[in-house]
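Peer 1: From first to last, the protein sequence lines are chains Z and P.
Numbering (our numbering) for the first sequence: 1 to 331.
Numbering (our numbering) for the second sequence: 1 to 331.
Fair warning: there could be bad hints in the mix.
No more than 27 Å apart at the CA atoms, straight line, and that leaves these computed lysine-lysine pairs for DSS-like [claimed, not checked]:
(1) Lys34/P to Lys45/P
(2) Lys34/P to Lys175/P
(3) Lys175/P to Lys291/Z
(4) Lys45/Z to Lys34/Z
(5) Lys2/Z to Lys175/Z
(6) Lys175/P to Lys2/P
(7) Lys175/Z to Lys34/Z
(8) Lys175/P to Lys291/P
(9) Lys2/Z to Lys2/P
(10) Lys34/P to Lys2/Z
(11) Lys45/Z to Lys175/Z
(12) Lys34/Z to Lys291/P
(13) Lys291/Z to Lys2/P
Reference listing, derived: stretches of chain P covered by chain Z, where coverage requires no fewer than 3 residues with Cβ under 8 Å from a Cβ of chain Z [stated by the list, open to error]:
(14) 8-17
(15) 48-58
(16) 90-104
(17) 112-124
(18) 228-240
Per label pair, the in silico range of CB-to-CB distance [said to hold, decoys possible]:
(19) Glu209/P to Ala176/Z: 37 to 43 Å
(20) Asp246/P to Thr200/Z: 54 to 60 Å
(21) Phe41/Z to Ser42/P: 36 to 42 Å
(22) Ala230/Z to Phe29/P: 26 to 32 Å
(23) Ala167/P to Gly44/Z: 35 to 41 Å
(24) Glu282/P to Glu211/Z: 45 to 51 Å
(25) Thr95/P to Ala28/Z: 43 to 49 Å
(26) Asp107/P to Phe41/Z: 35 to 41 Å
(27) Ala28/Z to Leu238/P: 47 to 53 Å
(28) Met115/Z to Ser241/P: 45 to 51 Å
(29) Asp170/P to Ala315/Z: 45 to 51 Å
(30) Ile229/Z to Glu228/P: 48 to 54 Å
Hints were generated in silico from the structure; no laboratory data involved.
Just so you know, these numbers come straight off a predicted model, no measurement behind them.
Where a beta carbon is used, it is the ideal one built from N, C-alpha and C, also for glycine.
Number of protein chains: 2
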Amino acid sequence: MKKFMNDAGSLVADSLDGFVAAHDDLVAFGQGRKHVRRRFFSPGKVAVIAGGGAGHEPMHVGFIGSGMLDAACTGHVFTSPTPDQILGAIQEADTGAGVLLIVKNYDGDLMNFEMAAEMAVSAGSHRIETLVVSDDIAVERTARGTGRRGVAGTLIVEKIVGAAAEAGHDLLSLKAVGESVIAVTRTMGVALKGATVPQTTRETFVLGENEMEVGVGIHGERGRSRQEIADAATIAALVCSQILNDLEPMPRQRILLFVNGLGGTPPSELYVMFGLARRFFEAHGLVVARKLVGTYATSLDMAGVSITVTLLDDASIALWDAPVYTAALHW
Amino acid sequence: MKKFMNDAGSLVADSLDGFVAAHDDLVAFGQGRKHVRRRFFSPGKVAVIAGGGAGHEPMHVGFIGSGMLDAACTGHVFTSPTPDQILGAIQEADTGAGVLLIVKNYDGDLMNFEMAAEMAVSAGSHRIETLVVSDDIAVERTARGTGRRGVAGTLIVEKIVGAAAEAGHDLLSLKAVGESVIAVTRTMGVALKGATVPQTTRETFVLGENEMEVGVGIHGERGRSRQEIADAATIAALVCSQILNDLEPMPRQRILLFVNGLGGTPPSELYVMFGLARRFFEAHGLVVARKLVGTYATSLDMAGVSITVTLLDDASIALWDAPVYTAALHW
Numbered sequence: 001m002k003k004f005m006n007d008a009g010s011l012v013a014d015s016l017d018g019f020v021a022a023h024d025d026l027v028a029f030g031q032g033r034k035h036v037r038r039r040f041f042s043p044g045k046v047a048v049i050a051g052g053g054a055g056h057e058p059m060h061v062g063f064i065g066s067g068m069l070d071a072a073c074t075g076h077v078f079t080s081p082t083p084d085q086i087l088g089a090i091q092e093a094d095t096g097a098g099v100l101l102i103v104k105n106y107d108g109d110l111m112n113f114e115m116a117a118e119m120a121v122s123a124g125s126h127r128i129e130t131l132v133v134s135d136d137i138a139v140e141r142t143a144r145g146t147g148r149r150g151v152a153g154t155l156i157v158e159k160i161v162g163a164a165a166e167a168g169h170d171l172l173s174l175k176a177v178g179e180s181v182i183a184v185t186r187t188m189g190v191a192l193k194g195a196t197v198p199q200t201t202r203e204t205f206v207l208g209e210n211e212m213e214v215g216v217g218i219h220g221e222r223g224r225s226r227q228e229i230a231d232a233a234t235i236a237a238l239v240c241s242q243i244l245n246d247l248e249p250m251p252r253q254r255i256l257l258f259v260n261g262l263g264g265t266p267p268s269e270l271y272v273m274f275g276l277a278r279r280f281f282e283a284h285g286l287v288v289a290r291k292l293v294g295t296y297a298t299s300l301d302m303a304g305v306s307i308t309v310t311l312l313d314d315a316s317i318a319l320w321d322a323p324v325y326t327a328a329l330h331w
Numbered sequence: 001m002k003k004f005m006n007d008a009g010s011l012v013a014d015s016l017d018g019f020v021a022a023h024d025d026l027v028a029f030g031q032g033r034k035h036v037r038r039r040f041f042s043p044g045k046v047a048v049i050a051g052g053g054a055g056h057e058p059m060h061v062g063f064i065g066s067g068m069l070d071a072a073c074t075g076h077v078f079t080s081p082t083p084d085q086i087l088g089a090i091q092e093a094d095t096g097a098g099v100l101l102i103v104k105n106y107d108g109d110l111m112n113f114e115m116a117a118e119m120a121v122s123a124g125s126h127r128i129e130t131l132v133v134s135d136d137i138a139v140e141r142t143a144r145g146t147g148r149r150g151v152a153g154t155l156i157v158e159k160i161v162g163a164a165a166e167a168g169h170d171l172l173s174l175k176a177v178g179e180s181v182i183a184v185t186r187t188m189g190v191a192l193k194g195a196t197v198p199q200t201t202r203e204t205f206v207l208g209e210n211e212m213e214v215g216v217g218i219h220g221e222r223g224r225s226r227q228e229i230a231d232a233a234t235i236a237a238l239v240c241s242q243i244l245n246d247l248e249p250m251p252r253q254r255i256l257l258f259v260n261g262l263g264g265t266p267p268s269e270l271y272v273m274f275g276l277a278r279r280f281f282e283a284h285g286l287v288v289a290r291k292l293v294g295t296y297a298t299s300l301d302m303a304g305v306s307i308t309v310t311l312l313d314d315a316s317i318a319l320w321d322a323p324v325y326t327a328a329l330h331w
């Protein structure tokens, strides 16, 4: 394993330190350096807070700023932040209008965010609502357990909810906006190489020279199936057709198409996949009304791509288009 | 070799196709799809055109747009665009105020851009000036041959010159602005894994499990030396001290610090390197006045990082801060 790091134990702290230094016009450390927050909060606005394990950078700290998140908590690699961290972020970011927590659907995250919310309600009478993102169609909807994972589609939820918060929506209305986005957002990922976890120094799964992993998450989990590697058009068709089957959109439905790099895949290949996915959906009668291509929700250094589709309407388009000024997303 | 591509021969065209589709609010293909251009030119403004081999994405097409480039030509992987391509871009982008070509210092690029310039002058009386970027200090200044290569620092030249062009500088003044930036810009890169060229399906160099390549360029060339892999702080000190020695800045000199990913390195590690480089330069009495961290000038899928420093003054800070709206850079 080769990484630009001092040691496995300090990678997350060193990376956050560099992130805050690089974007100190936008963000600052919260108390005790346990979370990252906007430099300036907007009193009267619902605070939008996200978080999760490290290893997904720039998610979520890269989405802190005007029009998106107020604060984000980062845990150890692939490990939920602690209730203590989340509570600190709630107490700092809540300016009186309440707090919306955006949580990716994993047991550890669910538990810790719920615990923090309970602590915040009883300790400080904060009003808290929670959105759980579960966009990963690689996990069967009927599966027992936690159900579908939250992956790259979380970015879209955070952008749209963040814009609605900035526009003055109250806490319950904001939660409804978020739930409506989650209901129409689907993601699926493919990896050509596994993620290397700093602590173990090993890849979470090892693929043969002619294999790819289809339906990967962002925590180094095995995917839904291991298949013989294929050309980009075949991979795009495989992923896009499953998204299409799952979403069952209307003809001429407008969509947001988001092609995300998982950490080790260069922009040239992301654009190849975007071009192919766009053609696929247009050939199936959809209108690619909004687009995003880049490395936004990673699985450490995994070589891979995920494709996310959100069905759009006038309201969500207006919220997507609303100004955003964060380290990773800006328009 | 594993890549998201249809085949090695179509990778560049497919990637550009996806790029233009993803950013069709900003860019369009030029005639014959031989270059990429702004959707709308600004008559009366000097046209700023760059180009080079593919494999460095988002450089240069990602820098086309208001405040930066007017057009960019992409060759095959690691291969200069043809004079024909460059001539087409010149003819399309020149609205009467002349054309500034920004060329990275490689024999093939120099030859083809010069040939295109001569053709454009004789065929259409275009006024043309050329800037040659040579920021890579891994190549000795006294070396025979072409001299120092142009690498990630080219982004800084393109941003500052692009802003000056937008502000109405004439062709000769623009060239002078560019030369003054080039004179104070230095870059050095380190790789943990070589780049895999699609056509050959092989890494351009293969490193052992405990080796790193210091002083790499962006065309898969071997670096200046192969060394035992070190922790991030050691690597940062190694690179930054060489930049410092070469630049010989004044105490309290303001600098732009740019940490660039070479394609296969995730944001988490780039931020680790940024944090360390910033501390290094501040400890050496410099003021990190402007910052940039991201994957902007790649060497295909190379795992690696380059560090670029530009000495700043009030004029270059104003041009760096001026609005820019491109696919890869936006403020």
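Peer 1: Of the hints given before, which are not true for this structure?
Peer 2: 3, 5, 6, 10, 16, 17, 19, 20, 26, 27 and 30
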